[in-house]
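Engineer: So the sequence lines, in the order shown, correspond to chains L and V.
In case it helps, the working numbering puts the first sequence at residues 1 to 321.
In case it helps, the working numbering puts the second sequence at residues 1 to 731.
Don't read these hints as lab results, they were simulated from the structure.
Hints are all accurate, no fakes.
Simulated pairs of lysine to aspartate or glutamate, DMTMM-like, Cα-Cα distance not exceeding 20 angstroms:
1. 669(V) x 78(L)
2. 116(V) x 124(L)
3. 52(V) x 121(V)
4. 25(L) x 14(L)
5. 116(V) x 39(L)
6. 379(V) x 364(V)
7. 57(L) x 14(L)
8. 116(V) x 2(L)
9. 144(V) x 91(V)
10. 170(V) x 364(V)
11. 144(V) x 133(V)
Restraint-style ranges between C-beta atoms, simulated for each label pair:
12. 112(V) x 215(L): 49 to 59 angstroms
13. 268(V) x 8(L): 25 to 35 angstroms
14. 191(L) x 268(V): 27 to 37 angstroms
15. 85(L) x 420(V): 41 to 51 angstroms
16. 174(V) x 139(L): 23 to 33 angstroms
17. 423(V) x 179(L): 48 to 58 angstroms
18. 132(L) x 138(V): 28 to 38 angstroms
19. 609(V) x 184(L): 37 to 47 angstroms
20. 137(V) x 40(L): 38 to 48 angstroms
Predicted model, so just to flag it, every value in this text is computed and none were measured.
The beta carbon of each residue, even a glycine, is placed where N, CA and C say it ideally should be.
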Amino acid sequence: MEGFAYSQPGTLREAFSLLTNKKGKLVAGATDLLGEMQDGIVAPGLLVSLERISGLKTMREEKNVLRIGALATLAELESDKIIAEQYSLLAAAAREVATPQLRAQATVGGNLCQRPRCWYYRGDFNCLKKGGAVCYAQDGENQYHAILGGGPCHIVHPSDMAVGLMAMGASVRVVGPRGEKTVPLEKFYVLPQVDVKRETILGPGEILVEIRVPKPPPEARWVFRKVRERGAWDFALVSVAAYAVTKDKIIQEARIVLGGVAPIPWRAVRAEQAVKGKTLTGAVMRLAAEAAVTDARPLSRNEYKIRLTRNLVRQALATLA
Amino acid sequence: MAQELTVVGKAVAGIDATERVTGRAAYTADIQLPRALYAKMLRCPHPHARVKAIDVSKAQALPGVKAVLTPRDIPSAPLAPAHGSRRALTDYVTLAGEAVAAVAAVTPEIAAEALKLIQVDYETLPFVIDAEEALKPTAPQLEKEGNLIGGRPKIFTRGDVEKGFAEADKIVEANYTTPLGTGNPLEPRAVTAQWSQGRLTLWLASQGPFLAQQELAKYLGLPENRIRVISTYVGGGFGHKYSLHPEDVVTALLARKAGQPVKFQMTRAEDMYLGHVRGAASFHVKAGAKRDGAITALSVRRIVNQGAHGASAADGGIQSTGLYNVPNLRVETLQVRTNTPDYGPVRGVMDPGENFAVESAIDELAEAIEMNPLVLRIKNIHKGGDPLDGGVTLSSSGLDECIRTGADRIGWGRRKPTGAQTGAKKIGVGMAVTTRTGGSDTATAIVKVNADGSVNLFCGATDIGTGSRTTLAQIAAEELGVRYEDISITTSDTETTPYSRGSWGSGVILAAGKAVQLAAADARRKLIQAAAQPLQVKPEDLVVANGAIFAKELPEKKITVGQAAARAGYTVIGSGTAHQTNRPTVARGFAAHFAEVEVDTDTGQIRVLRLIAAHDVGRAIHPKVVENQIEGGVIQGIALALTEELIFNRATGRLLNTNFVDFKVPTIKETPPIEVILVEPGDPLGAFGAKGSGETPIQAPAAAIANAVYNATGKRPRELPMTPRRILALL
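My request is simple: use the sequences and hints to build the entire structure.
Structural biologist: Structural data, given as C-alpha cells:
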C-alpha cells in the first residue's frame with residue numbers, strides 16, 4: 001500500500017475543499033477503501049474522513065420519515081429499536097452483510113457507495129472500469145456477473161442495503177460545493193452504459209450525507225432474501241427485497257428490488273406490474289417471477305442466476321401472500 | 001500391558017496451551033533479529049515466458065537496498081524433489097508468479113520500491129491451463145516428452161478387469177471432477193535467515209525442518225552440521241510447508257550476499273498458490289458387482305493436473321486400490337504438465353477427490369443391484385490381516401465398527417427412499433468410507449531424566465497445530481512411569497533434537513510416537529538398572545510408576561526416579577528409533593462418515609445438518625486432540641464439497657480468487673454439528689496401539705454429502721464443489 005495523508009475536517013465545507021482542491025478521497029468506515037488500497041486499485045494521497053463532522057451519525061424519525069445519517073454503522077441499523085419496529089426490512093438486510101466485525105465498522109453510506117467486487121476490477125486486470133479496453137467478464141469467467149443491465153461492463157452491484165432501502169422507497173441527500181439535492185435511491189445509481197467508471201451520480205466533492213425512508217403504512221409487508229455460496233462473509237449471488245401494500249388482499253403498491261444481478265440495484269418493474277392490482281395467487285406469483293427475468297441476458301456461465309432470481313421472487317411473494 | 005494406563009487416553013491440559021493462547025508462542029514471523037533486512041520477490045505475471053533481458057541496476061542503486069539476486073546469482077541445481085525442475089529464481093517461467101529476481105532492503109517499503117525499478121523484458125509464450133487441453137497435440141508442449149509426464153499413462157492392475165466386468169450383473173460408469181484447491185494454513189509461509197561463521201540458521205515455518213536441512217545442505221553444498229533449521233511454533237501446515245521452497249533458499253542467499261539477517265513472509269495471495277496446491281483432477285470410474293453384492297471389477301482413469309513442476313502428487317491415492325477387496329482392478333493415471341500451480345502435498349493429497357469419485361460410484365452401484373449401500377460396503381471392505389498390494393498385510397481395521405456405530409448414530413434405518421420427497425427443501429442422508437496409510441516414516445527421540453526426577457523429551461517432529469507436543473509427552477510419561485507434569489518437550493530444531501522426517505502423511509503418531517515410546521522404555525531400563533542395587537531387588541522385579549521405582553511385590557521398597565538418575569550420573573539418557581518404512585504390515589486409519597443434508601431446490605443451496613465421523617484411530621492417546629484433528633479435517637472436507645475452488649482466468653492464465661472473499665474458506669455457518677466417534681481396536685505397530693488420523697477426516701465428507709444430495713433429490717452431483725450454480729444445473 002502506498003503512503004497517504006489523513007485528515008479529519010470538522011465541517012462539510014472543509015471536506016468539500018479537501019476533496020476538490022486536494023484531490024482527497026472520502027472515507028467513512030474504510031472497510032472497502034482500505035481493501036482497494038491494499039490491492040493497489042486506488043492510491044489516494046489524501047484520505048478525508050467524515051468522522052468529526054457532526055450530525056452524520058444520527059438516526060431519528062421525523063414527520064413520518066426515518067432519517068439515517070450516512071455514518072450510522074450497519075451494526076447500529078441492525079439493533080436500532082425504531083428500525084426493528086417500523087422498518088425491519090432494513091435490519092434484515094443489514095444482518096446479511098459481511099460479518100459482525102465488518103458491520104461494527106461499516107457505515108450505511110459507505111455500503112451504498114461501495115465499489116464492485118468483480119474479480120477483474122479487484123484483480124490485476126486493466127479492465128474497462130479501470131480505464132482499459134476490455135471487460136474480461138464478457139467472454140471470461142462470469143459466474144458472478146450481471147444478467148440484467150450489463151454492458152459494456154458486467155459488474156453486479158454488491159450492496160445489500162441498497163436493495164432493502166430501494167424497496168422501502170428511500171431517497172438520499174447529497175451535498176456538495178454547489179449545494180444539495182435529495183434524489184430517490186434508484187436515481188442515485190448509474191449504469192455502465194452511461195458511465196463505466198462510476199456506479200453513482202456523485203460528482204467531485206459531493207457527499208452522501210443522509211438516507212430518508214418514508215414510514216410504511218400499517219398495511220405494508222416486506223421480505224428480504226439473499227442467496228450466497230457461503231453463509232456469512234459473502235456477497236449475494238442473487239438477493240431480493242419485496243415490499244407490498246395490500247388492501248382486501250389486493251396489492252395496491254409493490255416494489256421488488258434485485259441484488260447481485262445487475263450493475264445497479266435492480267428494480268424489477270415488470271414483476272411489480274404483474275402483481276399490482278392483483279391478489280397473490282400461485283399463478284400471479286409465477287407470472288411475476290417470470291416477468292422479473294424477461295429482460296435477462298445471461299453470459300456464458302451465469303444462466304443459473306435466471307432460475308435463482310425467478311425462484312427467489314416467487315418465494316418472496318409467497319411470504320407476502 | 002497389564003498395568004492400567006495413567007496418562008495415555010486422558011485429555012490432559014495441552015503442554016503448550018498457555019503459551020499459545022496468551023500469544024507468547026513465537027512463530028517464525030515473530031522472530032526479529034537485530035539488523036534484519038526484508039526480502040521481496042519479483043514475480044512474473046505471465047504463465048509461460050522467457051526472460052530475454054533483466055536490468056537490476058536501478059534497484060541496486062536505490063538507497064536502503066542491500067542485496068539483489070537474479071537467476072545468474074544462484075546455484076543452477078533444482079531446489080528439491082517435491083518441486084521437480086523448479087528453480088528458486090528463473091529466467092524461464094512456466095507458472096505465473098514464479099520469481100525472476102529478489103531484493104533485500106532495510107524496510108519492506110524500500111524492497112517493494114526496488115522491485116518496481118527492475119526492468120524485465122519478457123518473451124511471452126503460449127500457455128495451457130486444463131489437463132485435458134494439454135493432452136491435445138495442438139497444446140504448447142512444456143516437456144520434451146510432451147505434456148503427459150513420463151510419455152505414457154501409469155497403469156496398475158490386479159486380476160483381470162475385463163473378466164471382472166463380464167462377471168458383473170450390473171455395471172455403473174461415470175466421470176467425476178474435482179477443482180484446483182489449496183490448504184490455507186492460518187500462518188502463511190515465513191522464513192528468517194542468518195549466517196554466522198559459515199553456518200546458516202534458518203527460522204522456518206516448516207512441517208519438516210530435517211528435510212529442509214537436508215535439501216538446503218545439498219543445494220548449498222554444505223555439510224548438514226553447518227545448517228540449523230528451527231521450526232518451533234508453526235501455524236498449520238496441510239502439506240503446504242512440506243519441503244524446501246524457493247523463497248527459503250532465496251532468503252538464505254540474500255542474507256549471505258548482504259551479510260545481514262534477512263526476513264521474508266509470503267502474502268496471503270502468494271501463499272494460496274505458490275506452495276503446494278491440490279491439482280484439478282478428473283476420475284472416470286467404472287464399477288461392476290454381482291447381485292449378491294460382490295464387487296467384481298473396478299476401473300478408474302485419473303487425469304491429474306500436475307501443474308508446472310514436480311510429478312509425484314498422484315502416486316498416492318489409495319481410494320481405488322485400498323478400500324475394497326476387489327479381485328479385478330485397473331487404475332490408469334495420466335499426470336499432465338500445465339502452466340498452473342504445482343500439485344504437491346496438501347492434506348489428503350489425491351484421496352479426497354478420488355474418494356468422492358469412488359464412493360459416489362459405490363453408492364450408484366448399490367442402487368443398481370438394489371442393495372443398501374451400507375451393506376454393500378460392509379461386504380467388500382478390507383479386514384485386518386488382509387493381504388494388500390505389494391505383498392504386505394493390513395495391520396488392523398476397525399472400519400466395520402465405524403460403519404455400524406456411525407449408521408446407528410445417524411439413524412441410517414430411518415433414511416427415506418431416494419427422490420421420494422415433494423416440496424422445495426429436501427432432506428437426504430448419505431455415507432462414505434475412507435482409509436489412509438499413516439506414518440511410513442523414520443524418527444528418533446531422546447529422553448533425558450534429571451536428578452530431580454524431571455524429564456526432558458527431545459523429538460524432531462514439528463507440532464503444526466495438531467497437538468503432537470502434548471501427545472508425545474503423554475507417551476513419554478506413560479512409558480517411563482512419571483507424571484505428565486514431569487515432562488518438558490523440545491521439538492523441531494535440527495541442532496538440538498534428533499531426526500524426525502516430518503509432520504505429514506498422518507505420520508507423527510506412528511513414527512515419532514513410537515520413537516518416543518522406545519526412548520522412554522530405554523531410559524526406564526537404565527533407571528531400573530540404577531535402582532536395582534540400592535533396593536536389593538532384581539531388575540526384572542522392579543517397576544516404575546508415578547515417578548517411583550519399586551518392587552512389584554513390595555511397593556514400599558522404593559526410590560524415586562530422580563534418586564535413580566542421580567546414582568546413574570545425574571543424567572539418564574534413553575534413545576529410540578522407529579523405522580515405520582518397508583514393513584511387512586501396514587497400518588491404515590479408517591473412517592466412515594454419515595451426512596444429513598438439506599437441499600433447497602429453489603436456490604441450489606446445500607446445508608449440512610449433521611455429520612457423523614466415526615474413526616478407527618487405533619487408540620486415542622489424547623481424545624480431545626484426536627477429536628480436534630477430526631473436526632478440523634471434516635470442516636475442510638465440507639469446504640471441498642461445497643465452496644472451495646481456485647479459479648483461473650483462461651484468457652491470461654492468472655488466478656482470479658487468491659483472497660478469502662472470493663476463495664470461500666468455510667465459516668461457522670457451513671459447519672454443522674460434527675459428532676466424532678472414536679473407534680479404538682488398537683494397532684500392533686504404533687505406540688499404545690495408536691494410528692494416524694490426520695488425513696482421513698478430510699477425505700470422506702464430499703462423498704458422504706454428495707450421496708446425501710442424491711438421496712434427497714435423485715440427482716447425482718459429479719462435480720465439486722457443489723455450489724448453487726452446479727446444483728441448479730443438476731436439478
